[in-house]
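Colleague: Construct the complete structure from the given sequences, taking the supplied hints into account.
There are 2 protein chains.
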Amino acid sequence: MKQGLLTDRQKEVLRYRKMGLTQQQVADIIGTSKANVCTIEKAAYENIERSKETLEYLYTLDSEHLCTIKAGTDLFDASSTVFDEAEKLGIKVKYNTIELINRIHDSNPDRFRARYVREDIEVYINKEGDLFFG
Amino acid sequence: MKQGLLTDRQKEVLRYRKMGLTQQQVADIIGTSKANVCTIEKAAYENIERSKETLEYLYTLDSEHLCTIKAGTDLFDASSTVFDEAEKLGIKVKYNTIELINRIHDSNPDRFRARYVREDIEVYINKEGDLFFG
DNA sequence: GATGACTTAAACACTTTTATTTAACATCGG
DNA sequence: CCGATGTTAAATAAAAGTGTTTAAGTCATC
Chain A
1 MKQGLLTDRQ KEVLRYRKMG LTQQQVADII GTSKANVCTI EKAAYENIER SKETLEYLYT
61 LDSEHLCTIK AGTDLFDASS TVFDEAEKLG IKVKYNTIEL INRIHDSNPD RFRARYVRED
121 IEVYINKEGD LFFG
Chain B
1 MKQGLLTDRQ KEVLRYRKMG LTQQQVADII GTSKANVCTI EKAAYENIER SKETLEYLYT
61 LDSEHLCTIK AGTDLFDASS TVFDEAEKLG IKVKYNTIEL INRIHDSNPD RFRARYVRED
121 IEVYINKEGD LFFG
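Chains as they are written, first to last, in our numbering: chain A, 1 to 134; chain B, 1 to 134.
Honestly, I wouldn't trust all of these hints.
[As the list claims (entries may be wrong)] Using C-beta positions, here's what the derived DEER-type ranges look like:
#1 A:Asp-62 <-> B:Ala-35: 19 to 29 Å
#2 A:Pro-109 <-> B:Leu-75: 19 to 29 Å
#3 A:Lys-52 <-> B:Gly-129: 22 to 32 Å
#4 B:Glu-122 <-> A:Asp-28: 51 to 61 Å
#5 A:Gly-90 <-> B:Gly-90: 17 to 27 Å
#6 B:Lys-34 <-> A:Phe-112: 45 to 55 Å
#7 A:Asn-108 <-> B:Asp-8: 19 to 29 Å
[Unchecked claim] Cβ-to-Cβ under 10 Å is the rule here; a few derived chain A residues that face chain B:
#8 Leu-6
#9 Arg-9
#10 Leu-14
#11 Lys-18
#12 Leu-21
#13 Gln-23
#14 Gln-24
#15 Ile-48
#16 Leu-55
#17 Lys-92
#18 Lys-127
These are computed hints drawn from the structure, not numbers from a lab. All values derive from a computational prediction rather than experimental measurement. Just so it is clear, CB atoms sit at the ideal spot from N, CA and C, and this is done for glycine as well.
Modeller: Here you go:
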């Protein structure tokens, strides 16, 4: 059983690229073509994407879909929606408004510009009132 | 490109098992042996583990190694070390002592016996002062 | 000590992923 | 237009992962 999804080759490329090297420079260092570096890098990001999807799936296993926060929504409006939808399902959300907003924000800070959501966020809830964001 | 790491078979088994069925019952439903259900379930959990490891790795990519907390260390001593080492690097840790101890502990509760660390913990830090534990 | 729930190992056919080459294509700044 | 950077497609050999069977192995409980 391999540890993690990324191969040694993929990690190698990722590390050099993170350092700011071009694909050609990485290719020279690890002794291959730039086309190959591109392919390896792409495969690495696909693996990362798949890892995220896999863990996402776990949340949905014992949770149900609560609502979708649409891109452009104000974070404060979104939190109202979450509470309303949870109430419809008869589930008490585990967090107060402040905690809820922090949790949404922390789940992926890149998805916000100030108080506004940049891309759709799927919200899941379980019977205990835990929330997950996809 | 498959979506997520889990195969349809693995998801199927996971879902039935989550419902509380025994491996034998699942085996009867999906038409195979209980030994096979066990194998599929195991493979599913290995894939989940690998997904976690993969995303963990991402953190360490834009972080640098701060220190190693040796097995046997008192958690309170460890937190002092973390602050000292971060200061040497000129990075301000994002958390206060209490938050830090909670974060270390939450990262993997099994690694502790009361206040004592049971196995070595690698600590990584990024420029923002975020900490990650490997 | 038999039964039910679960785990493990070996072997197998099968599918998917990986790294690689080569050759072509897109973009953009100078 | 040229050169650098990056992407893509097709082909291929090697490696890794999957589902399956069979047979043997815990471990707890009645």
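Colleague: Could you run down the list of hints and mark each one as holding or not?
Modeller: Okay, the hints, checked on the actual structure:
1. A:Asp-62 <-> B:Ala-35: 19 to 29 Å: Given a distance of about 26 Å, which is inside 19 to 29 Å, the answer is holds.
2. A:Pro-109 <-> B:Leu-75: 19 to 29 Å: 28 Å, holds
3. A:Lys-52 <-> B:Gly-129: 22 to 32 Å: Roughly 24 Å apart at Cβ, these two residues keep to the hinted range, so it holds.
4. B:Glu-122 <-> A:Asp-28: 51 to 61 Å: Violated, at about 31 Å.
5. A:Gly-90 <-> B:Gly-90: 17 to 27 Å: About 52 Å separates the Cβ atoms of A:Gly-90 and B:Gly-90, which means 17 to 27 Å is violated.
6. B:Lys-34 <-> A:Phe-112: 45 to 55 Å: Given about 48 Å between the Cβ atoms, the range holds.
7. A:Asn-108 <-> B:Asp-8: 19 to 29 Å: Between A:Asn-108 and B:Asp-8, where Cβ atoms are some 28 Å apart, the hint holds.
8. Leu-6: Holds: closest Cβ of chain B sits about 6 Å from A:Leu-6, inside 10 Å.
9. Arg-9: 14 Å, violated
10. Leu-14: 6 Å, holds
11. Lys-18: 6 Å, holds
12. Leu-21: 14 Å, violated
13. Gln-23: Violated. Min distance 17 Å.
14. Gln-24: At about 21 Å, which exceeds the 10 Å cut-off, the nearest Cβ of chain B leaves the hint on A:Gln-24 violated.
15. Ile-48: With a closest approach of 6 Å, the A:Ile-48 hint holds.
16. Leu-55: 5 Å, holds
17. Lys-92: This interface hint is violated because 23 Å lies over the 10 Å limit.
18. Lys-127: With Cβ-Cβ at 13 Å, over 10 Å, it is violated.
Checked against the numbered hints listed earlier, the structure breaks hints 4, 5, 9, 12, 13, 14, 17, 18; every other hint is satisfied.
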